[in-house]
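**Q** Here is how the chains run, residue by residue.
2 protein chains.
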Amino acid sequence: MITGKNQIGYKQSAEGAKKYKTANPVTNSDNPTVFYEATQLEIDEACSLAAHAFSTYSKLPGVKRASFLNAIADEIEALGSDLITMYMQESGLPEGRAQGERGRMLGQLRMFAELVKNDTWRLPLLQDEGGNLKKTYIPLGPVVVFGASNFPLAFSTAGGDTASALAAGCPVIVKSHPMHAGTGEMVATAITKAAQKTAMPEGVFSNLNSSGKEVGEQLVKHKGIAAVGFTGSHHAGRALYNLAAARETPIPVFAEMGSINPVVITQQAISKRAGQIAETYTASITQGVGQFCTNPGLIITVKSEETTHFIEILAKHLEATPGGCMLHTRIQEGYEKSKNEIKAQESVSLKVVGSSSKPNHTTAALAVVDGTSFIANKTLHKEVFGPFSMVVLAEDKNELLNIINSLEGQLTATIIAEDSETIALQDITLALQSKVGRIIYNGVPTGVAVVDGMTHGGPYPASTDSRFTAVGNHSIMRWVRPFSFQDFPTALLPDYLK
Amino acid sequence: MITGKNQIGYKQSAEGAKKYKTANPVTNSDNPTVFYEATQLEIDEACSLAAHAFSTYSKLPGVKRASFLNAIADEIEALGSDLITMYMQESGLPEGRAQGERGRMLGQLRMFAELVKNDTWRLPLLQDEGGNLKKTYIPLGPVVVFGASNFPLAFSTAGGDTASALAAGCPVIVKSHPMHAGTGEMVATAITKAAQKTAMPEGVFSNLNSSGKEVGEQLVKHKGIAAVGFTGSHHAGRALYNLAAARETPIPVFAEMGSINPVVITQQAISKRAGQIAETYTASITQGVGQFCTNPGLIITVKSEETTHFIEILAKHLEATPGGCMLHTRIQEGYEKSKNEIKAQESVSLKVVGSSSKPNHTTAALAVVDGTSFIANKTLHKEVFGPFSMVVLAEDKNELLNIINSLEGQLTATIIAEDSETIALQDITLALQSKVGRIIYNGVPTGVAVVDGMTHGGPYPASTDSRFTAVGNHSIMRWVRPFSFQDFPTALLPDYLK
Numbered sequence: 001m002i003t004g005k006n007q008i009g010y011k012q013s014a015e016g017a018k019k020y021k022t023a024n025p026v027t028n029s030d031n032p033t034v035f036y037e038a039t040q041l042e043i044d045e046a047c048s049l050a051a052h053a054f055s056t057y058s059k060l061p062g063v064k065r066a067s068f069l070n071a072i073a074d075e076i077e078a079l080g081s082d083l084i085t086m087y088m089q090e091s092g093l094p095e096g097r098a099q100g101e102r103g104r105m106l107g108q109l110r111m112f113a114e115l116v117k118n119d120t121w122r123l124p125l126l127q128d129e130g131g132n133l134k135k136t137y138i139p140l141g142p143v144v145v146f147g148a149s150n151f152p153l154a155f156s157t158a159g160g161d162t163a164s165a166l167a168a169g170c171p172v173i174v175k176s177h178p179m180h181a182g183t184g185e186m187v188a189t190a191i192t193k194a195a196q197k198t199a200m201p202e203g204v205f206s207n208l209n210s211s212g213k214e215v216g217e218q219l220v221k222h223k224g225i226a227a228v229g230f231t232g233s234h235h236a237g238r239a240l241y242n243l244a245a246a247r248e249t250p251i252p253v254f255a256e257m258g259s260i261n262p263v264v265i266t267q268q269a270i271s272k273r274a275g276q277i278a279e280t281y282t283a284s285i286t287q288g289v290g291q292f293c294t295n296p297g298l299i300i301t302v303k304s305e306e307t308t309h310f311i312e313i314l315a316k317h318l319e320a321t322p323g324g325c326m327l328h329t330r331i332q333e334g335y336e337k338s339k340n341e342i343k344a345q346e347s348v349s350l351k352v353v354g355s356s357s358k359p360n361h362t363t364a365a366l367a368v369v370d371g372t373s374f375i376a377n378k379t380l381h382k383e384v385f386g387p388f389s390m391v392v393l394a395e396d397k398n399e400l401l402n403i404i405n406s407l408e409g410q411l412t413a414t415i416i417a418e419d420s421e422t423i424a425l426q427d428i429t430l431a432l433q434s435k436v437g438r439i440i441y442n443g444v445p446t447g448v449a450v451v452d453g454m455t456h457g458g459p460y461p462a463s464t465d466s467r468f469t470a471v472g473n474h475s476i477m478r479w480v481r482p483f484s485f486q487d488f489p490t491a492l493l494p495d496y497l498k
Numbered sequence: 001m002i003t004g005k006n007q008i009g010y011k012q013s014a015e016g017a018k019k020y021k022t023a024n025p026v027t028n029s030d031n032p033t034v035f036y037e038a039t040q041l042e043i044d045e046a047c048s049l050a051a052h053a054f055s056t057y058s059k060l061p062g063v064k065r066a067s068f069l070n071a072i073a074d075e076i077e078a079l080g081s082d083l084i085t086m087y088m089q090e091s092g093l094p095e096g097r098a099q100g101e102r103g104r105m106l107g108q109l110r111m112f113a114e115l116v117k118n119d120t121w122r123l124p125l126l127q128d129e130g131g132n133l134k135k136t137y138i139p140l141g142p143v144v145v146f147g148a149s150n151f152p153l154a155f156s157t158a159g160g161d162t163a164s165a166l167a168a169g170c171p172v173i174v175k176s177h178p179m180h181a182g183t184g185e186m187v188a189t190a191i192t193k194a195a196q197k198t199a200m201p202e203g204v205f206s207n208l209n210s211s212g213k214e215v216g217e218q219l220v221k222h223k224g225i226a227a228v229g230f231t232g233s234h235h236a237g238r239a240l241y242n243l244a245a246a247r248e249t250p251i252p253v254f255a256e257m258g259s260i261n262p263v264v265i266t267q268q269a270i271s272k273r274a275g276q277i278a279e280t281y282t283a284s285i286t287q288g289v290g291q292f293c294t295n296p297g298l299i300i301t302v303k304s305e306e307t308t309h310f311i312e313i314l315a316k317h318l319e320a321t322p323g324g325c326m327l328h329t330r331i332q333e334g335y336e337k338s339k340n341e342i343k344a345q346e347s348v349s350l351k352v353v354g355s356s357s358k359p360n361h362t363t364a365a366l367a368v369v370d371g372t373s374f375i376a377n378k379t380l381h382k383e384v385f386g387p388f389s390m391v392v393l394a395e396d397k398n399e400l401l402n403i404i405n406s407l408e409g410q411l412t413a414t415i416i417a418e419d420s421e422t423i424a425l426q427d428i429t430l431a432l433q434s435k436v437g438r439i440i441y442n443g444v445p446t447g448v449a450v451v452d453g454m455t456h457g458g459p460y461p462a463s464t465d466s467r468f469t470a471v472g473n474h475s476i477m478r479w480v481r482p483f484s485f486q487d488f489p490t491a492l493l494p495d496y497l498k
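Chains as they are written, first to last, in full-length UniProt numbering: chain A, 1 to 498; chain B, 1 to 498.
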């Protein structure tokens, strides 16, 4: 069923000499399919088809794009358990997670179909009634999507970036993630079938294999590309942002690059319900073996006996939680490396070390550090991608605010507090607000609901442009620009403006 | 009345050794005031005050920011004819233009006051009713504004960028334009008075003098700055964009960098009303001595006897139009240089050469070139800032489309046609749409109405980010980011979300 070939418009292609395989982290062995990395010529062909498709696809009425998106969801659903099996083989993630993520992906595709089916989203909120200017939003052009290692479905080939870009009227070229190229190919094939069934122009979608950085770099630099969507590491996201900014014609890059998601716990909350908080946060820290960009990597609280007690309970819970298989050997190695880097810093004590009994497996780890050391040492502000969290102990509320103010931009922040003390939390709320895109009260940051109220993004380095969200209907605004018709005859206006 | 000093928060400061004067282009002599360029310390102080002001200014209810904006308009109005005199001395522009531009500036300030007074603009169009997530827009932080040489009021110190940023909740630091530093100081003083009268935090506004590039560069690189608004040349805009993208924390730059604003005229229109079109376009090309970013610099039409006749009429009209004084010696020299560069290109004939009888004065010029040469020669695609236009002669409609497709991004495009032929214009409309932010039918591109339906921006290089507009209420979206409250207690929500 899987060919290892690139999907270039309606054609499968394998012209390159560079080959690679995906791995099953659970069995610690390669999967059978050989994937062919895209060549420069194949990249050019995908871009040229996308540019050509754009001229017709961008002008389709919303109802046609909606049928395409719904057809994609239907075709992916029709892959049935084969897709789930492939997903598990390439990610080591359990079946429940695979099914949940598939549901999220299908839901997103159908949500965007619903959004665009009648084109009203293209009319801005502010509009002059009866004036001679009519304003609308039009698509930017072909978009390159870089999928995430940790979401082979919901943030990859037919994930939120692809769904929102296709909904906007932009053709999409996916730079396939090397760790789940098979899952990617299956989804790409479903998208292609849907495009053919709904008579979309060839080139509205392509899927290019890549084992390293080159294919992605060539795509971002390509003249035919108008925008980039990325979910992944800060290192890779920033490199692509730099390439895009250095182009003769710079293009927007929306890169969601992760976060350490600070959680502030008040003394009252610790006194009243240390056990419950420890339990809830153990689940959040270890969920998906910690491989979420909203993983709570930082717990900030004031030093006290109760806090010491809370750390002990949290440590016990984390130690008692069974480990899990990480997505890939490279990710597990990266996790160990980052953890060891933190461990090596002065003043940091590792309360729970975490162990790795089987290949690619790990259990949770917990570090503790004082506020002064944390503020002074930027290494401690880096994301450790995995089931890791660090408690930062402030001397007092003042230092707690200083700790917050020392943080970089984040996707989320959370406040754990008693309802009786909310007024006293005004300054903490405001300090956190200046650093993040979403703030949670008495909850956990993991779990990013696909709703209009969601902001999934945040000040740099959480994302490259905090003015947009990667999740929910609003994420379509990344791929469109305003456009005004002045004194235009009705016959020349798009139908929805007539 | 004018001191030549920098306005740093509520203080006037002149610590620097670098001094300069503005010039009166009409008398071709320096104006009396000596201006003190801001030093690195003064820049730091303005940024530090702005960061401090942000923490309170960003949280004010809209109604307070509205009174500040209205007070700015009132204080500027109270400057009366002194401001008009200074404007004319520093720009050489006539009194009617000065008054018109002041009206536009005051109107914009009051428009943004009206927009933000009740905070409803901060609630996104798409919102989940009754969900546990509440989404709003919050300001980015201190914004640096670079004013335009050609709009000392409406696109400068208290122009659209400043008004929209202050409305959004962002403190503003203006990098004063060296050509109209006196006008800038008068407006800055009015803003400062308004800030004091309405009890705004010190640092909500500063105005820094600069004679060259250094002050602007230091501001864009400054850690305390969150975004940049710019109106000016492609060269300067791109340089600032590059600096902002290279920062450790990149920041958004909205630079509006001008355009050649193609105008397509059909053969039917030329046959029926060559005289009227020539007259209308003579007025548009020479308005403000051509010193508008929406000046029609390119007229595209098909070769024919009628076209030859139209060019003759247009040339006669342009020749008969009295010249005018340009804004500055440097602008007049730049105009002559660009015009001569075009003239030196093969296949270009200068139908109207334009003359310069008095210092800083010029009359209009008109060039003609064939489509093939235009497509092949990128020098001919550059903006000539002044009363200049070039007719590009296509062999047929197919070449006319190729000419459009060869263009870079533009602010506007215009179609001049007969109503009977609109259907046949579909392809031309779509081709132009892919290149511009606004398209005009049977009108002129000059004149940018301050209304919600306006898009003033466009694909690069017309602007650095086509997803925003620089004019109208929507321009506030450049300075804000989405933010979500999840499960938040009412007491901790901003009033407008309660």
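Worth double-checking, as some hints may not be accurate.
The list makes no distinction among identical chains, and a pair is therefore deemed to hold if it is satisfied within one copy or across any two copies.
Straight-line alpha carbon distances no greater than 25 angstroms define the calculated BS3-like cross-link-like pairs of lysine-lysine that follow [to be verified]:
id: 1; residue 1: K221; residue 2: K378
id: 2; residue 1: K18; residue 2: K498
id: 3; residue 1: K221; residue 2: K498
id: 4; residue 1: K382; residue 2: K221
id: 5; residue 1: K18; residue 2: K117
id: 6; residue 1: K316; residue 2: K378
id: 7; residue 1: K221; residue 2: K337
id: 8; residue 1: K382; residue 2: K223
id: 9; residue 1: K223; residue 2: K378
id: 10; residue 1: K378; residue 2: K197
id: 11; residue 1: K59; residue 2: K397
id: 12; residue 1: K117; residue 2: K197
id: 13; residue 1: K21; residue 2: K117
No lab work stands behind these hints, which were simulated from the structure alone. Computed from a predicted structure; not experimentally measured.
**Q** Work down the list of hints and note, for each, if the structure agrees.
**A** Okay, the hints, checked on the actual structure:
In this homomeric assembly, K221 and K378 come within 25 angstroms of each other (Cα to Cα) only across copies, at 21 angstroms, whereas the closest approach inside a single copy is 32 angstroms. For the homomeric pair K18 and K498, neither the shortest alpha-carbon distance inside one copy (52 angstroms) nor that between copies (58 angstroms) is at most 25 angstroms. Proximity of K221 to K498 under the C-alpha cut-off of 25 angstroms is found in neither arrangement, the shortest distances being 38 angstroms within a copy and 46 angstroms between copies. In this assembly of identical chains, K382 and K221 lie within 25 angstroms of each other by CA distance solely across copies; the values are 23 angstroms between and 28 angstroms within a copy.
Taking CA atoms no more than 25 angstroms apart as the test, K18 paired with K117 passes in neither setting, with 41 angstroms inside one copy and 60 angstroms between copies. Taking the shortest alpha-carbon separations for K316 and K378, neither the intra-copy value of 28 angstroms nor the inter-copy value of 69 angstroms comes in at or below 25 angstroms. In this assembly of identical chains, K221 and K337 lie within 25 angstroms of each other by CA distance neither inside one copy nor across copies; the values are 32 angstroms within and 33 angstroms between. Only between protomers do K382 and K223 lie at most 25 angstroms apart by alpha-carbon distance; the minimum there is 20 angstroms, versus 34 angstroms within a single protomer.
Within a single copy, K223 and K378 get their C-alpha atoms only as close as 37 angstroms, which misses the 25 angstroms cut-off; across copies the closest is 16 angstroms, which meets it. In the homo-oligomer, the alpha carbons of K378 and K197 never lie at most 25 angstroms apart, since the shortest distance is 53 angstroms inside one protomer and 42 angstroms across protomers. Proximity of K59 and K397 under a CA criterion of 25 angstroms is satisfied inter-copy only: 21 angstroms between copies versus 56 angstroms inside one chain copy. For the identical chains of this complex, K117 and K197 are intra-copy neighbours only, at 18 angstroms inside a copy versus 51 angstroms across copies, given an alpha-carbon limit of 25 angstroms.
When the C-alpha separation of K21 and K117 is checked against a cutoff of 25 angstroms, the pair qualifies neither within a copy, at 39 angstroms, nor between copies, at 59 angstroms.
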